[in-house]
Amino acid sequence: MTTATRQRHESPPADDVIRVLGDDLTLDPVYDPGLSPQEVLELYRHMVTTRLLDERLVGLQRQGRIGFHVGSLGEEAAILGSAYAMRKGDWLFPCYREFGAALMRGLELSVFVHNMFGNAKDTVRGRQMPDHYTCRRVGWVSISSPVGTQITQGVGFAWGAKIRKQDLATLVYFGDGATSSSDFHSGMNFAGVFKIPTVFFCRNNGWAISVPTQRQTASRTLAEKGAAYGVPGVRVDGNDLFAVVSVVKRALERGVRGEGPTLIEAITYRMGGHSTSDDPNRYRASEALEPWTSRDPIGRVRAYLEKHNQWDGTAEERLIAEVDQRFREAVTSAERTPPPALETMFEDVYARPPWHLAEQRAERLAGPRAPGAHG
Amino acid sequence: MTTATRQRHESPPADDVIRVLGDDLTLDPVYDPGLSPQEVLELYRHMVTTRLLDERLVGLQRQGRIGFHVGSLGEEAAILGSAYAMRKGDWLFPCYREFGAALMRGLELSVFVHNMFGNAKDTVRGRQMPDHYTCRRVGWVSISSPVGTQITQGVGFAWGAKIRKQDLATLVYFGDGATSSSDFHSGMNFAGVFKIPTVFFCRNNGWAISVPTQRQTASRTLAEKGAAYGVPGVRVDGNDLFAVVSVVKRALERGVRGEGPTLIEAITYRMGGHSTSDDPNRYRASEALEPWTSRDPIGRVRAYLEKHNQWDGTAEERLIAEVDQRFREAVTSAERTPPPALETMFEDVYARPPWHLAEQRAERLAGPRAPGAHG
Amino acid sequence: MPQMNMVQAINDALATAMRSDERVVVMGEDVGKVGGVFRVTAGLFDEFGDERVIDTPLSENGIVGTAVGMALYGLVPVVEIQFSDFIWPAYDQIVNELAKFRYRSGGEYPAKIVIRTPVGGGIRGGHYHSQHPEAAFIHVAGLKVVCPSNPHDAKGLLLASIADPDPVLFFEPKRVYRAAKGEVPQGAYTVPLESAAIVRPGRHVTVLAYGAMLYEALDAAAKASAKGVEAEVIDLRTLWPVDIGTILESVKRTGRLVVVHEAPKTCGFGAELMSLVTERAFYHLEAPPVRVTGFDTPFPYTLEMEYMPLSHRILPTLLDTARA
Amino acid sequence: MPQMNMVQAINDALATAMRSDERVVVMGEDVGKVGGVFRVTAGLFDEFGDERVIDTPLSENGIVGTAVGMALYGLVPVVEIQFSDFIWPAYDQIVNELAKFRYRSGGEYPAKIVIRTPVGGGIRGGHYHSQHPEAAFIHVAGLKVVCPSNPHDAKGLLLASIADPDPVLFFEPKRVYRAAKGEVPQGAYTVPLESAAIVRPGRHVTVLAYGAMLYEALDAAAKASAKGVEAEVIDLRTLWPVDIGTILESVKRTGRLVVVHEAPKTCGFGAELMSLVTERAFYHLEAPPVRVTGFDTPFPYTLEMEYMPLSHRILPTLLDTARA
Ligand SMILES: Cc1ncc(C[n+]2csc(CCOP(=O)(O)OP(=O)(O)O)c2C)c(N)n1
Ligand SMILES: Cc1ncc(C[n+]2csc(CCOP(=O)(O)OP(=O)(O)O)c2C)c(N)n1
Ligand SMILES: [Mg+2]
Ligand SMILES: [Mg+2]
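Same order as they appear, the protein sequences are chains A, B, C and D.
Using the working numbering, read the first sequence as starting at 1 and increasing by one per residue.
Using the working numbering, read the second sequence as starting at 1 and increasing by one per residue.
Using the working numbering, read the third sequence as starting at 1 and increasing by one per residue.
Using the working numbering, read the fourth sequence as starting at 1 and increasing by one per residue.
Keep in mind the hints are simulated off the structure, nothing from the lab.
Keep in mind the model is a prediction, meaning the values are calculated, not measured.
Heads up, some of the hints might be wrong.
Said to hold, decoys possible - Simulated restraints, written as ranges between beta carbons of each label pair:
id	chain 1	residue 1	chain 2	residue 2	range
1	D	43	A	371	35 to 41 Å
2	D	279	C	22	47 to 53 Å
3	D	1	A	16	57 to 63 Å
Where a beta carbon is used, it is the ideal one built from N, C-alpha and C, also for glycine.
Chain A on its own, in the form it takes in the complex (with noise of 0.2 Å):
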């Protein structure tokens, strides 16, 4: 009999984790994922732009102008790196705090601007709350709030592809917290037994709200759980984005090899709120963030792109107010829009309404309104 042993899951990356961009800013070339510099360019402007709307959509909130946002400060190297390995015909099934992947994969900013005021042009037509959008057209799964649901449908859309034979992954995203989820047992079990292109990206920010990773389980690290479904399991530094990068795309090419699923746990940390609704001040010491501080994602590739004179002060400059710029208009533009017109709360409930909701819908459109305003 073995005994487990322990080790703080929030630590700083320990020694299995894959690390690729060092400390002196040089890049390690056992898992060098080889990216050219323009591609370095843009991962990172994905990154800053990320962060930026972060802070932006934070502040509407703050001003009451949209109901909620659930950011991904800390996170962006892990969001972005993974979403940018994976193919444009591979699909994405993403957890809640993914949208730079999604802008990143062509989702528009008006489109999600849209989604976050739930106004008549939102694509999800004001049904769900800010941050719950929806892109078939770049691979980008309908967003749902309960946790962990997901990884099941993830798995059983590649099964689906290598049933018919289409060269095809999937990629889930996931939190340190989802790992409990019956969704998670599931989905990693069957990927498992029927060897099915998905790669299960498990980011491992520390915490499920106010939840620790060591509440959420006492196995040494999440990357090991993949034993339990004979599906490999790899740690990486989720804040180097060429290491998070790297793996992905490995585990990729080994799902389209046709050898199966691959769980990765990416290590990093919520440096924020779990959203707009939480103070983590009530359960953490602001002084937990020192150790990740130093250790930004963004910050790290930034001094990797200086180092090479590939970026600076006014190209960050430029990048901002460019960005700015255009949140602004897709601000004005969905504040200028009215709410979803009230017929559409019966639409797309089934393929063409039944008659007990056609009639819903005419007793509900002859009735009063509600008072007070929407949106």
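Starting from the known structure of chain A, arrange chains B, C and D with the ligands on it as the hints suggest.
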């Protein structure tokens, strides 16, 4: 990235599997549980009794005298050895295949047989299928059909005792199929995090009805699923009575010492159909039984006892005659017992029947009886 | 036309759908080599192979969750849940995901699957092999719910369910799996969803039933007829959306309503049927509408025939209502 | 008497129960240090420690499954499900285990737990933070279901629920968590289960409501009064077993019934209430009973005020019914 290698789950025990009773009928001292000759005899008698009752119950079912039976042919050492290792004050959370253990713990044969007939003397009042009895007096929890649900419950029970500082452990029985259930995942996970004194005893009998273990999971073994939860896993030869007693005792001691749960994979084989409703010839070649016939858990102990001159054909005959006699009496009594009274249908839904049940009860009692006999 | 029982008819529907549409796959516990514990999928594994007839691990949550994913991809999974009593681990995927996918994605992601599962008592299964859980699904917006009573309808309704663009729960009354026999056309045909059938016309009282209890209602109606009460018995077939037109037309004629179902009474589908009729035909009702149902207890083992709303319990209610 | 809002009153009930009964433990996601996402368990962790106020892993199935085990042992777990929308992964343990334990064990193993969970819309939560799922629990034999509307009742009903020998689902209307304020006695007291309250007497029409919608019903009743219609508004408080006596007495007086609830209409609790009344007071009814409810769609985000059966939708129905 390591690749999990596959091994056929149903093959005879491999190197990492704990064994005590050797082919030469000696006991390996490393894991020898130190049972006294009387104890071995007692366990042997229970194993033989269990097998005999299994045969008799299948017979009754074939004759249409009972509705159903789910037996334990070939799994007697795993079932009786594990229950034997637990202390009197510990609690067992059964699956549905462990009646032998319940009888050994002190369930009266007559009570068991009344349950098989679902009659007025059945302590669960004819409400459950046969083999779904209960016996609080001996720490045996009410049996449920849904696979896996007892796993979280067994953890919660021991957790309750831990909170109340009572020295008490639980043992949870389940099959290989149940490792795919949500309750296995949650039960293991909670037990790991809160260091609950629960022994997870998995009877890996090779099959979940018609689905073989390799289709249940891609993990190399079931024991290594413990790693996902920080719970040590052990593999034991489930057809080796001594080894089973030993590993369960050690797991129990570990729990009692406050070191948390243990997952035990007892490698055995379902020598019969899943239940009387199943015909295994539809999906399993009879040759599959061969490697297991020579490893019969009862035969091995009998050989050991005979070698030590503690058992012979006469003793066996006497035991069988005695059990048969007791069983016949129990059946006669059960068949003479009427079905439960109609009003029992409305009792125990709540502590006291609310108005709507009182009303339904009155209405039903006043109405006509159903045509045809019961029971 | 060949004679079939319900098991054969459903099997035939599956084979028919799988032959004509490559997107249709069958998955569940023991549906493969052994052909299902009720043998409903017998032979499909041999004909279509293990990529389209899939024995899964023992996880209803996993079965439905991955099936939803397959549906998002574009397949049409027909899932078997071995007994409807074991559907609850999948309830989250059904309620929160399957039912809401089209709506929550503004129409981008319809998720079309059919979930087949045996329901009801009468096979000595006790409360874990006898549940009749339609109400818990009818209450969930976005789902359709079907429950056939005979081989012809079972095949036609299953083919219609597979062709329908929305997710369908297909409840199979296992008490009559083999008992209900009849002629079943070869090849593809559909019985349209949302269409009830008047299986016995009558003018004194309307009886709504479905699945195995239809036969009990018919038996009671035959006995009532001997006493001068002519009951009109309607087989709902599709439970939701229900064929409200046929129901209202009948009740407006008879002025009296009896609803029969096996599930517990409280918050069962009978309450909805009574409410629909009371709301819409109140001034036509000449007597209080009544429910004859299972009791608000778990389903018992030995006394199952006393639990179920069989003919002997329907008949007195039917006579009382007709004469009230 | 101190003034409290509902969050404070429920918190006070928990502290009161835990102080007087060592068997009571609180468990759920984020109930510990942070005191719950709605702060209902604030302070309990500090007072009772982490063995009795337990932050669990993120698994509703695990929470309820282990709580059932604790209950079998003899503790009285009061479980929090963070939003009722997330209760479905635990539905199997609730339906198949918790509700049936006493019955299936012939009384040997009662399993007593209380499941607290916020319900309903009005906080801009969309369809994953607004569900009102009582019907799916009322249909399950063996469970009791409670839904308070104000701080006084919330504390008294929760203490009664904890003391009651049967499992209780305790639904907390989050729209009025902070809005509903009132005097709350200190220390232990109970509001008996199965007792409804007539919160506004009237003679023209009976209105049944509960939780957050009670206030909408009262608002509509006040406006109706200005138009000469006197509605009797009953707060059901315990949904199941419901206080049938109070309901029938009222409807027999008024001859008219309006039921209000947030959940979707079809197979909602309104159907059961209508059916109970129609069965038992048919000859007293002077107009068709009516439901004013959520629609048979998922709960929307932006248009939530149009979805919910607020006063502006209740009022016309109330007037129509009274005048029909
Ligand atoms: C089934 C379910 N239970 C509870 C919640 C409430 N909830 C929302 S997010 C969250 C924590 C998730 O943590 P994790 O999986 O680590 O993801 P992170 O937010 O850290 O990215 C919880 C408990 C939920 N959304 N779904
Ligand atoms: C949740 C659930 N799903 C399906 C079933 C039907 N069923 C009963 S036993 C069984 C197989 C169980 O296999 P295993 O866990 O290996 O136990 P064994 O019967 O081999 O002892 C199945 C699928 C069930 N009882 N519960
Ligand atoms: Mg997290
Ligand atoms: Mg097995």
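For each hint, the structure was consulted:
At about 37 Å, the CB distance of residue 43/D to residue 371/A agrees with the hint of 35 to 41 Å. Between residue 279/D and residue 22/C, the C-beta spacing of about 51 Å keeps the proposed range 47 to 53 Å intact. A beta carbon spacing of about 60 Å between residue 1/D and residue 16/A agrees with the range 57 to 63 Å that was offered as a hint.
Violated hints for the displayed structure: none, as all numbered hints are satisfied.
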